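Visitor: Sequence:
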Amino acid sequence: MGYEELFPGMDAKWHANATKRFASPFVDVPTDRIDVDPIILSHAAVACGFTIRDFYEKPELGIHCVGYISHLYDLLAVTHWFYSLPWCRELGLTLQYKDTLPPISTGPIISEPGQVDNIHVPDVDELMKGHTLPEFIRMYEYVAKNLPMTLVPISYGFDIVGAAAELCGVENFIMWTFTEPDAAKKLVKKYTDTSINGADGLARKFGMAMLIVGSVLANNDIFSDETTKEYSADMMRYYVDQSFRRGAGPQIFYHLCGNHETDYKVFKDTLIWSPFTVFHVGYKGKEVFPSSLLKQEFGNMATIMGSVDTKIMINPNPKVVYEQSKMQLLGGRDSPKGYILGNSCECPPYTIPGNLLAMVKAARDFGTFGTW
114 MGYEELFPGM DAKWHANATK RFASPFVDVP TDRIDVDPII LSHAAVACGF
164 TIRDFYEKPE LGIHCVGYIS HLYDLLAVTH WFYSLPWCRE LGLTLQYKDT
214 LPPISTGPII SEPGQVDNIH VPDVDELMKG HTLPEFIRMY EYVAKNLPMT
264 LVPISYGFDI VGAAAELCGV ENFIMWTFTE PDAAKKLVKK YTDTSINGAD
314 GLARKFGMAM LIVGSVLANN DIFSDETTKE YSADMMRYYV DQSFRRGAGP
364 QIFYHLCGNH ETDYKVFKDT LIWSPFTVFH VGYKGKEVFP SSLLKQEFGN
414 MATIMGSVDT KIMINPNPKV VYEQSKMQLL GGRDSPKGYI LGNSCECPPY
464 TIPGNLLAMV KAARDFGTFG TW
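According to our numbering, the stretch in the sequence shown is residues 114 to 485, in order.
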């Protein structure tokens with residue numbers, strides 16, 4: 114039995130309206146309300162009665178769950194599936210599936226700066242014979258067959274600094290940025306070049322592919338603004354530029370997870386901005402990044418995505434989620450290039466359904482065009 118036999122068909126009427134809402138910021142045609150993207154991943158599998166491990170070990174099942182649960186909560190018209198360490202296996206890292214986590218590294222593969230030179234960047238043909246690219250291709254072929262209206266092929270650079278750091282160990286990498294900066298930069302570039310080749314391979318198969326890339330490890334809890342620019346923002350620009358040249362894009366989702374209290378400023382004049390760009394920042398210090406500030410700084414450059422704190426998504430208090438959603442909507446809903454309400458990072462697997470409904474209800478109450 115295929116996974117598609119586990120789910121009823123998608124409601125075409127719902128999907129048609131959700132598609133208009135999804136496209137609204139990019140075509141400047143208001144629809145029923147502002148879209149909500151809680152960055153649902155393994156929560157979709159849990160909500161459908163499966164496990165977190167099922168979501169990651171069985172991508173076709175995982176992405177079908179995302180489509181089905183998006184319908185339940187009236188969320189996005191497109192499907193996605195990913196984890197935080199794509200392309201690392203092709204560079205030599207071993208990943209392990211866990212019952213309650215995404216795939217994690219079993220440990221670094223190098224320990225000395227001089228070993229960075231030994232890491233081979235696989236070309237597109239080599240990636241086609243690897244793990245990550247065939248997995249993405251197989252998954253998107255499943256979506257094209259069974260959920261074709263939700264298909265948006267996506268290639269992930271994801272956290273190019275954090276993923277590169279896994280190759281030598283995060284503590285080692287942070288030390289190298291002070292003591293061996295050339296080796297640290299070379300390591301990030303090797304991971305980024307591999308991700309670019311991955312975007313190339315996906316674009317060869319499906320045509321234009323959306324890009325998701327972010328700054329997670331590189332944030333103000335660890336690095337200065339200057340270091341974040343040098344290791345993260347500059348390399349994110351390089352990733353997007355080179356991926357565009359290979360036929361990927363033009364849609365981009367920039368995801369700044371963690372505390373970007375002051376370093377958010379370095380991304381503004383560094384990144385590449387296409388007409389189909391979504392820009393998202395999770396936190397400013399210990400608080401969610403204010404949508405009003407996001408609008409002020411980036412509203413003329415991209416569709417902005419405001420944040421609801423993921424920590425409150427597992428607390429049994431939907432009113433708190435509703436009020437924070439309301440605050441963020443009021444601060445960002447009139448952003449010039451559009452606004453999306455999201456979580457500060459991935460929707461926790463055991464998010465309380467009532468809290469997701471609170472986000473959507475707030476969008477219906479305070480993100481309805483024409484009633485401001």
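You may find that some hints are simply not true.
[Claimed, not checked] Computed cross-link-like contacts, DSSO-like style, restricted to lysine-lysine with a CA-CA straight-line distance of at most 30 Å:
(1) Lys303 x Lys242
(2) Lys474 x Lys133
(3) Lys439 x Lys424
(4) Lys381 x Lys450
(5) Lys258 x Lys303
(6) Lys439 x Lys397
(7) Lys381 x Lys399
(8) Lys378 x Lys299
(9) Lys378 x Lys318
(10) Lys439 x Lys211
What the hints contain is simulated information worked out from the structure, not anything from laboratory work. Given the structure is predicted, the values throughout are model-derived calculations rather than measurements.
Visitor: Indicate, hint by hint, whether the structure satisfies it.
Guide: Each hint tested on the structure:
no. : hint            : result
1   : Lys303 x Lys242 : 19 Å, holds
2   : Lys474 x Lys133 : 19 Å, holds
3   : Lys439 x Lys424 : 17 Å, holds
4   : Lys381 x Lys450 : 15 Å, holds
5   : Lys258 x Lys303 : 34 Å, violated
6   : Lys439 x Lys397 : 18 Å, holds
7   : Lys381 x Lys399 : 22 Å, holds
8   : Lys378 x Lys299 : 24 Å, holds
9   : Lys378 x Lys318 : 36 Å, violated
10  : Lys439 x Lys211 : 36 Å, violated
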